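Q: Line by line, the protein sequences give chains A and B. Sequential numbering of the first sequence, starting at 57, is according to the working numbering. Sequential numbering of the second sequence, starting at 54, is according to the working numbering.
Treat the hints as calculated values from the structure; they're not laboratory data. All of these numbers come straight from a predicted model, not from anything done at the bench. Idealized CB from N, CA, C, for every residue including glycine. Treat the hints with care, since some could be wrong.
Okay, the calculated bits of chain A under chain B, using three or more residues with CB under 8 Å as the criterion [stated by the list, open to error]:
id: 1; stretch: 109-118
id: 2; stretch: 122-131
In the BS3-like style, the derived pairs of lysine-lysine whose C-alpha atoms are separated by at most 25 Å in a straight line are [as the list claims (entries may be wrong)]:
id: 3; chain 1: B; residue 1: Lys153; chain 2: A; residue 2: Lys110
id: 4; chain 1: A; residue 1: Lys75; chain 2: A; residue 2: Lys110
id: 5; chain 1: A; residue 1: Lys139; chain 2: A; residue 2: Lys88
id: 6; chain 1: A; residue 1: Lys123; chain 2: B; residue 2: Lys111
id: 7; chain 1: B; residue 1: Lys140; chain 2: B; residue 2: Lys105
id: 8; chain 1: A; residue 1: Lys139; chain 2: A; residue 2: Lys110
id: 9; chain 1: B; residue 1: Lys140; chain 2: A; residue 2: Lys132
id: 10; chain 1: B; residue 1: Lys199; chain 2: B; residue 2: Lys140
id: 11; chain 1: A; residue 1: Lys88; chain 2: B; residue 2: Lys153
id: 12; chain 1: B; residue 1: Lys140; chain 2: A; residue 2: Lys75
id: 13; chain 1: A; residue 1: Lys139; chain 2: A; residue 2: Lys93
id: 14; chain 1: A; residue 1: Lys123; chain 2: B; residue 2: Lys202
id: 15; chain 1: A; residue 1: Lys88; chain 2: A; residue 2: Lys132
id: 16; chain 1: A; residue 1: Lys139; chain 2: A; residue 2: Lys62
id: 17; chain 1: A; residue 1: Lys123; chain 2: A; residue 2: Lys75
id: 18; chain 1: A; residue 1: Lys110; chain 2: A; residue 2: Lys62
id: 19; chain 1: B; residue 1: Lys153; chain 2: B; residue 2: Lys111
id: 20; chain 1: B; residue 1: Lys105; chain 2: B; residue 2: Lys199
id: 21; chain 1: A; residue 1: Lys123; chain 2: A; residue 2: Lys93
id: 22; chain 1: B; residue 1: Lys153; chain 2: B; residue 2: Lys199
id: 23; chain 1: A; residue 1: Lys123; chain 2: B; residue 2: Lys140
Between beta-carbon pairs, the in silico distance windows are [unchecked claim]:
id: 24; chain 1: A; residue 1: Ala135; chain 2: B; residue 2: Pro124; range: 33 to 39 Å
id: 25; chain 1: B; residue 1: Met100; chain 2: A; residue 2: Lys136; range: 43 to 49 Å
id: 26; chain 1: A; residue 1: Leu67; chain 2: B; residue 2: Glu200; range: 34 to 40 Å
id: 27; chain 1: A; residue 1: Pro58; chain 2: B; residue 2: Pro114; range: 28 to 34 Å
id: 28; chain 1: A; residue 1: Asn66; chain 2: B; residue 2: Asp101; range: 37 to 43 Å
id: 29; chain 1: A; residue 1: Pro58; chain 2: B; residue 2: Gly108; range: 20 to 26 Å
id: 30; chain 1: B; residue 1: Lys105; chain 2: A; residue 2: Ser91; range: 17 to 23 Å
id: 31; chain 1: A; residue 1: Ser79; chain 2: B; residue 2: Ala89; range: 22 to 28 Å
id: 32; chain 1: B; residue 1: Thr102; chain 2: A; residue 2: Pro58; range: 28 to 34 Å
id: 33; chain 1: B; residue 1: Pro124; chain 2: A; residue 2: Leu77; range: 30 to 36 Å
id: 34; chain 1: A; residue 1: His148; chain 2: B; residue 2: Lys199; range: 20 to 26 Å
id: 35; chain 1: A; residue 1: Ser128; chain 2: B; residue 2: Pro114; range: 35 to 41 Å
id: 36; chain 1: A; residue 1: Gly137; chain 2: B; residue 2: Gly110; range: 38 to 44 Å
id: 37; chain 1: A; residue 1: Ile157; chain 2: B; residue 2: Pro114; range: 40 to 46 Å
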Amino acid sequence: MPDPMKIRANLVGDSTEVKVLMSHEMDTGLAKDSSGKIIPAWFIQTVTVLHNDKRVLYAQWGTAVSKNPFMSFRFKGGAKGDKVTITWVDNHNETRTDSAIVG
Amino acid sequence: MDRHRRQALKSGGGLSLVALLAAAGWIDPAAAATEAWNSAAFQTHDMDTTLKALGDGKPVPSTNVVFFSTPDIAENGAVVPIGITSKVPGTESIAILVAKNPNMLAALFELPPGTEPSITTRVKMRETSDVYALVKAGGNYYMTSKEIKVTLGGCGG
Numbered sequence: 057m058p059d060p061m062k063i064r065a066n067l068v069g070d071s072t073e074v075k076v077l078m079s080h081e082m083d084t085g086l087a088k089d090s091s092g093k094i095i096p097a098w099f100i101q102t103v104t105v106l107h108n109d110k111r112v113l114y115a116q117w118g119t120a121v122s123k124n125p126f127m128s129f130r131f132k133g134g135a136k137g138d139k140v141t142i143t144w145v146d147n148h149n150e151t152r153t154d155s156a157i158v159g
Numbered sequence: 054m055d056r057h058r059r060q061a062l063k064s065g066g067g068l069s070l071v072a073l074l075a076a077a078g079w080i081d082p083a084a085a086a087t088e089a090w091n092s093a094a095f096q097t098h099d100m101d102t103t104l105k106a107l108g109d110g111k112p113v114p115s116t117n118v119v120f121f122s123t124p125d126i127a128e129n130g131a132v133v134p135i136g137i138t139s140k141v142p143g144t145e146s147i148a149i150l151v152a153k154n155p156n157m158l159a160a161l162f163e164l165p166p167g168t169e170p171s172i173t174t175r176v177k178m179r180e181t182s183d184v185y186a187l188v189k190a191g192g193n194y195y196m197t198s199k200e201i202k203v204t205l206g207g208c209g210g
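Chain A with its partners taken away, still in its complex shape (with noise of 0.2 Å):
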């Protein structure tokens, strides 16, 4: 089981700022072992934040995006309470969810 993400979702003005960590080795497939073999790509290539069951962010990612992804984004709205669920899926059919609550 991959390790949860972290996930900080806090209103700012009238938006809710949502900034969040996730744990991923996001392997290109084009670098080497020490032993000189290629290590597979593994990478997140889709993730989805719901602000409780509505949808406010959809993204897909390739193997550039940096080990351990950090992301941030604001969206309209929210209230302190309320619910952030964060989903990812690689390339291997993994998959986590987490969330946070606003505050």
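Assemble the complex: chain A is given as a structure, and chain B must be docked to it using the hints.
A: This is chain B only, laid out in the frame that chain A set:
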């Protein structure tokens, strides 16, 4: 659950797994209602084919698409912070393209109405390169670019 997941993996790839998990009530169906990953767009090496894979738009240069919190010089190409804001009304998506990476498209962010057209993330850069911010709004494409000098390449190996 693990055994079920393997069966699910055997019976189909990517989205069908998500659909199966959703049907079984393991993950939120709203989260599972995602579009397919645009594999064609993530395997391109030049601007023309990348644009074609992203919807065949003809982007115009725009000062309404701006980089922020993005360095001119990145010491470590493995972690280059990128921030992009669009002031184009009705912005639907923001994409990050790195001209000299093995694959040009790094990330595509689709922004429903109500989400502010501004994102930050971190990308890998193989070498010094132009980086493009591509915005889609109302069926049209807008673009701005910035050269980022890379001291140490970000592809390892």
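Q: Now tell me, hint by hint, if it's right for this structure.
A: The hints, checked one at a time:
| no. | hint | result |
| --- | --- | --- |
| 1 | 109-118 | holds (count 10) |
| 2 | 122-131 | holds (count 9) |
| 3 | Lys153(B) - Lys110(A) | 36 Å, violated |
| 4 | Lys75(A) - Lys110(A) | 18 Å, holds |
| 5 | Lys139(A) - Lys88(A) | 41 Å, violated |
| 6 | Lys123(A) - Lys111(B) | 32 Å, violated |
| 7 | Lys140(B) - Lys105(B) | 24 Å, holds |
| 8 | Lys139(A) - Lys110(A) | 10 Å, holds |
| 9 | Lys140(B) - Lys132(A) | 16 Å, holds |
| 10 | Lys199(B) - Lys140(B) | 17 Å, holds |
| 11 | Lys88(A) - Lys153(B) | 20 Å, holds |
| 12 | Lys140(B) - Lys75(A) | 21 Å, holds |
| 13 | Lys139(A) - Lys93(A) | 43 Å, violated |
| 14 | Lys123(A) - Lys202(B) | 20 Å, holds |
| 15 | Lys88(A) - Lys132(A) | 43 Å, violated |
| 16 | Lys139(A) - Lys62(A) | 14 Å, holds |
| 17 | Lys123(A) - Lys75(A) | 16 Å, holds |
| 18 | Lys110(A) - Lys62(A) | 20 Å, holds |
| 19 | Lys153(B) - Lys111(B) | 20 Å, holds |
| 20 | Lys105(B) - Lys199(B) | 22 Å, holds |
| 21 | Lys123(A) - Lys93(A) | 19 Å, holds |
| 22 | Lys153(B) - Lys199(B) | 13 Å, holds |
| 23 | Lys123(A) - Lys140(B) | 29 Å, violated |
| 24 | Ala135(A) - Pro124(B): 33 to 39 Å | 35 Å, holds |
| 25 | Met100(B) - Lys136(A): 43 to 49 Å | 44 Å, holds |
| 26 | Leu67(A) - Glu200(B): 34 to 40 Å | 37 Å, holds |
| 27 | Pro58(A) - Pro114(B): 28 to 34 Å | 40 Å, violated |
| 28 | Asn66(A) - Asp101(B): 37 to 43 Å | 41 Å, holds |
| 29 | Pro58(A) - Gly108(B): 20 to 26 Å | 32 Å, violated |
| 30 | Lys105(B) - Ser91(A): 17 to 23 Å | 39 Å, violated |
| 31 | Ser79(A) - Ala89(B): 22 to 28 Å | 25 Å, holds |
| 32 | Thr102(B) - Pro58(A): 28 to 34 Å | 32 Å, holds |
| 33 | Pro124(B) - Leu77(A): 30 to 36 Å | 19 Å, violated |
| 34 | His148(A) - Lys199(B): 20 to 26 Å | 33 Å, violated |
| 35 | Ser128(A) - Pro114(B): 35 to 41 Å | 26 Å, violated |
| 36 | Gly137(A) - Gly110(B): 38 to 44 Å | 40 Å, holds |
| 37 | Ile157(A) - Pro114(B): 40 to 46 Å | 42 Å, holds |
Against the hints set out earlier in the document, violations occur for numbers 3, 5, 6, 13, 15, 23, 27, 29, 30, 33, 34 and 35.
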